[in-house]
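Protein chains in written order, with our numbering: chain A, 1 to 312; chain B, 313 to 637.
The set of hints was computed from the structure by calculation and includes no laboratory data. None of the values given here were measured: they were computed from a predicted structure. For each residue, glycine too, the CB sits at the ideal point set by N, CA and C. Take these hints with a grain of salt, some might be off.
Covered stretches of chain B (chain A as the covering partner; in silico rule of three or more C-beta atoms under 8 Å from a C-beta of chain A) [to be verified]:
id: 1; region: 468 to 475
id: 2; region: 485 to 496
id: 3; region: 509 to 520
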Amino acid sequence: MSEVKKIATRESYGNALAKFGAEYPDLVVLDADLANATKTQIFKNAFPDRFFDCGIAEANMTGIAAGLATCGKIPFISSFAMFAAGRNFEQVRNSIGYPQLNVKIGATHAGITVGEDGATHQSLEDIALMRTIPGMTVIVPADDTEVFAAVKAAIEHKGPVYLRFSRAASPVFYDPETLKFEIGKGITLREGNDIAIIACGVEVNYALEAADRLEKDGVKARVIDMHTIKPLDKDLVLKAAAETGKIFTVEEATVIGGLGSAVAETVSENNPVPVYRIGVNDVFGESGPWAELMKKYKLDADGIYEQIKAKL
Amino acid sequence: MQNVPVAHFEWRLTVLSTVAIVALSASVPRCKAIDANCEAIHEVDLRKDVVMTKEELQKTANEVRKGIVTAVHAAKSGHPGGSLSSADIFTYLFFEEMNVDPKDPKKADRDRFVLSKGHNAPGLYSVLAERGFFPKEDLTTLRHTGSYLQGHPDMKHIPGVDMSSGSLGQGLSAAVGMALAAKIDNKDYRTYCLCGDGEIQEGQIWEAAMFAGAKKLDNLCVIVDNNGLQIDGPIDEVNNPYPIDKKFEAFNFHVINIDGNNMDDIKKAFDEAKTVKGMPTAVIAKTVKGKGVSFMENKAGWHGKAPNDEEFATAMSDLEKAGAV
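Pulled out of the complex, with its shape left as it was, chain A reads as follows (with noise of 0.2 Å):
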């Protein structure tokens, strides 16, 4: 069997923004001293016309960023997602959300896949901030092919977009030549009609990974991966509710106001089924490395496996 290719989201993000430099003059880049972390340095390195470092000044950035776009600028500013979403949330909320400004959001090292730094750095709850923002639009890509669709969908999107990658390495397993992505429109990964997994970002893989197990034990689970949580894709949810009539979601982020929050709104106002929300239950991360906290909080293909098991 041969070797999958493993990359980070983040790098993906910062390969993307230098691959599309070329195609769109417009396009600048803002990070706050994280550039060879965020890996926007690929794209200063391409266009180092069109990078700024802000410095240790994440609340400026996204003024800064506010501004260029009134001149018609497409910014993508770059930070960790504690600080991006979380430092951030009023600035994104004021200065870019209300006047509806073509400002994209990247946020990199979300979730506890961040390891060794511990929680401060351990952004959970920048989904849920986001998503509560009127027209902003919230993107969890799940490997390296669906990153490139979505820094490109995101940047001939108008209007804010909030972009989140991770910091560890995960397997690719998007063919960009077969690859259909679409702001909105979820993808269903895996047939099955017994339950349904809808899950974001890193852990669509450890669910296709779980849903194997799982057809092990007679379950046929359907595994679909919502990429974008804002706007979304209500159709292909309440499918999923009548289809399976039970809905589990797994996302690196905490279990409130998030992917789990979205699904479980859209499915109780419209067909109540029971929706499990597999996440970070209300607790802080903490050190260690990424492997090992997946495997503690119970977020990695052996964990999901086992909460659902406990629900069946």
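Start from chain A and add chain B according to the hints.
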């Protein structure tokens, strides 16, 4: 109609090819240019074709003040104090300094203005209405349900508003972004940003100032309306931001201290700012909060309060008298 060059006032005189005449009714944002036979030939935009005299600007500022008081009275809430202290600066910027066109508010190469102290929306709206961006009558819809004149500036719905603002500390960053965009595109438009002296207690102001100084954004001009009062009292008692000029100097700004209620000073400051290369300019404008309305002057209590009917009548009477001089 009359042409009123003022001898002691060394400004460029009113100029138009043959006979450039400005309506002294300063409430009219555009006026009729007239030919030698005193026949109106076409509407001209004051900013583009005519340089206003100091008296005309002062009268215009007085009209702007009337609009502020009228709007806040009609809204039964809002922020008259700082709007009035900034009225002369608003007037000079929109009637004299900035390249803006009420008929084409989104003109690509226009100068930009960001009201970082967004609660002074009545001041901004009044000068925009006076300049012809929208009807003056609409000022009385300020803060009313369904009105486009939101309590704080809303760029999505208000002609002439370049940035939504109001959450203090955020506007200067956006202005820095606009100035940066001009640099990227090699455009020569300038960006002006009005901050409050209480507002500069916000840390984000200094993040933005540091960036503007570091990137040598000489197309950016920050004005600090130093009226000395914020909601909880005198700024130096609440959380002393002085010396404001030294702080901006330390952030690599060219700093000009002026009397912000004096048109000569205002003109000199903006003229000087345009000559500065390699660094942004900060104009520290000492002003009187509530300027022009006797009972509002230097009273922190009028930061965010509307006059009742009786107070409104007194205020308008004060301003009528000032306008008649």
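Quick rundown of the hints versus the structure:
no., hint, in the structure
1, 468 to 475, "holds (count 3)"
2, 485 to 496, "holds (count 11)"
3, 509 to 520, "holds (count 4)"
In terms of the numbered hints stated before, the structure departs from none.
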